[in-house]
Amino acid sequence: MSAAQIRFAALLRRELSRFLKIKRQTIGAPLLETFLYISVFGAALGSRIDELDGIDYVVFIVPGLIMMAWAINAFSNNAASILQQKFQRAIDDQLSSPASPAELLLAFSFGGFLRGMLVAVLTFTAASLLVGIPIEHPLVLAPALFLVGFFFSQLGVLVGIRAEQFDDLSFAQQFVLQPLIFLGGVFYTASLLPEPFETLTHLNPVYYMISLVRYGFLGITDTNIAVSLGLLTVATAGMFLINLRLFTTGYRLRA
Amino acid sequence: MTAALQITDLVKRYPTGTEALKGVSLEIGAGEFFGLLGPNGAGKSTLIHCATGLANPTSGTIGIFGHDAVGHYGEARALVGLAPQDINLDWFLTAAETLDYHGGYFGMAKKERRERTRELLDAFSLTAKRDESTRTLSGGMKRRLVLARALMHRPALLILDEPTAGVDVELRLELWQYVQRINEEGTTILLTTHYLEEAEQLCSRIAFIGGGEIVAEGTSQELAATYGVESLEDAYLELVGRKELARGHVSEIGA
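These protein sequence lines are chains A and B, in that order.
Residues 2 to 256 (this note's numbering) are what the first sequence spells out, left to right.
Residues 82 to 336 (this note's numbering) are what the second sequence spells out, left to right.
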């Protein structure tokens, strides 16, 4: 391995080690949360809702829950990891190393991305044991999940860099991210809503992400898949470039 | 011969408008044991942060063994080891992991990291604590680990920013024996300390920094001569404008 490969591996190992050392909080709790959603919304309430778009309600909500698990875990992992390290100034050990801004950014990004992926895979596995989850369009599902995971991973990095206290993270997650995800159609389709809520839902970018993932799993959608994928790619690339700029200039990282 | 650290006209102005460094120029030769003394807020840590990538210089140049610390930061930082003034250990790591990850950030291969970790844990009496979380170490142990971490990648230039502040006599003596030995073996050392007798005993040359400027530079005898006083301590008191605290003056008052 070259020095650069060793460096990147160490940076990434640090990120993985952090969340694996507190796995009850970082893996166990999100899994339990998703299980509770499936139980309450799927099994309990779902018995009163027959089908949505010709799909069993429990099956209908699982793709959104998988996406939500990946998104929230990717986001919260990176935001918390960066802020904690800034607080302790432990990040100085990495910032004063020969690591480039891109290496640092990618290591932080993939830390959250992989935690989100782990929770999502475990959610999928657990849900599959309860109900049959089809994968109708794997060639859409794979890039859609990758882009969603990477987008929220970048968002977590951005919030972690900007945050000065843990309250900033809570605000971003509880007051911005979760409402966007919950109102983005995890538990329903926009067409079920009365106006102006249907139109408002179409203005929520998370709606298109959920639609992409649901299409990949179940083959149903009311959005344009190609346009959604294209826009998500542009948004993810844009977020990455913004973060790369922040790491390069040292915004709120270097004095 | 290339200087270990060559600083030219270094200015650091913080966004608040505070000018912490006002055109500092300084040269430390390879193999020197150099002391940088000054009161709190004089600019010592800012200078060190600029040299190690923890602060972005406003203007001026910093060369580390001929490598531009900004333009070619990778090569420059690989040659520097920093033991910062404040303990900044990663709470999620054990003592051994702290050294191992640091070695990884600097591109050291696994076998080399393992051997060096064992060697440094032994040298700093940390072997029994190798698997303990950094959070549970005592203050003295944390300080030892910070010093061991700075040495992990065998830096050619070791920067010690007030390394003995608040440590017991035993560690202080152990540390000085260790750094004197590696200095004799060729490592350049830049030391900041408030213990003037340490600087006098250890450093071949000393610079006084005050108000963001280098105000005097030389051996301790030369500095005393510059201020027309008997000792380095008296010269320092002249620098900070507190010559009434000089021991001779105090004993005269006492008499």
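Keep in mind the hints are simulated off the structure, nothing from the lab.
Treat the numbers as computed from the prediction; the structure is a model and nothing was measured.
Please note: incorrect hints may appear among the correct ones.
Straight line, CA to CA, 16 Å or less: simulated EDC-like cross-link-like pairs of lysine to aspartate or glutamate [what the hints assert, rightly or not]:
(1) LYS103/B to GLU113/B
(2) LYS22/A to GLU178/B
(3) LYS87/A to ASP169/A
(4) LYS87/A to GLU213/B
(5) LYS22/A to GLU311/B
(6) LYS22/A to GLU319/B
(7) LYS87/A to ASP168/A
(8) LYS223/B to GLU265/B
Item to complete: Would you list, in rising numerical order, the hints stated earlier that this structure does not obey?
Response: Violated: hints 1, 4, 5, 6, 8.
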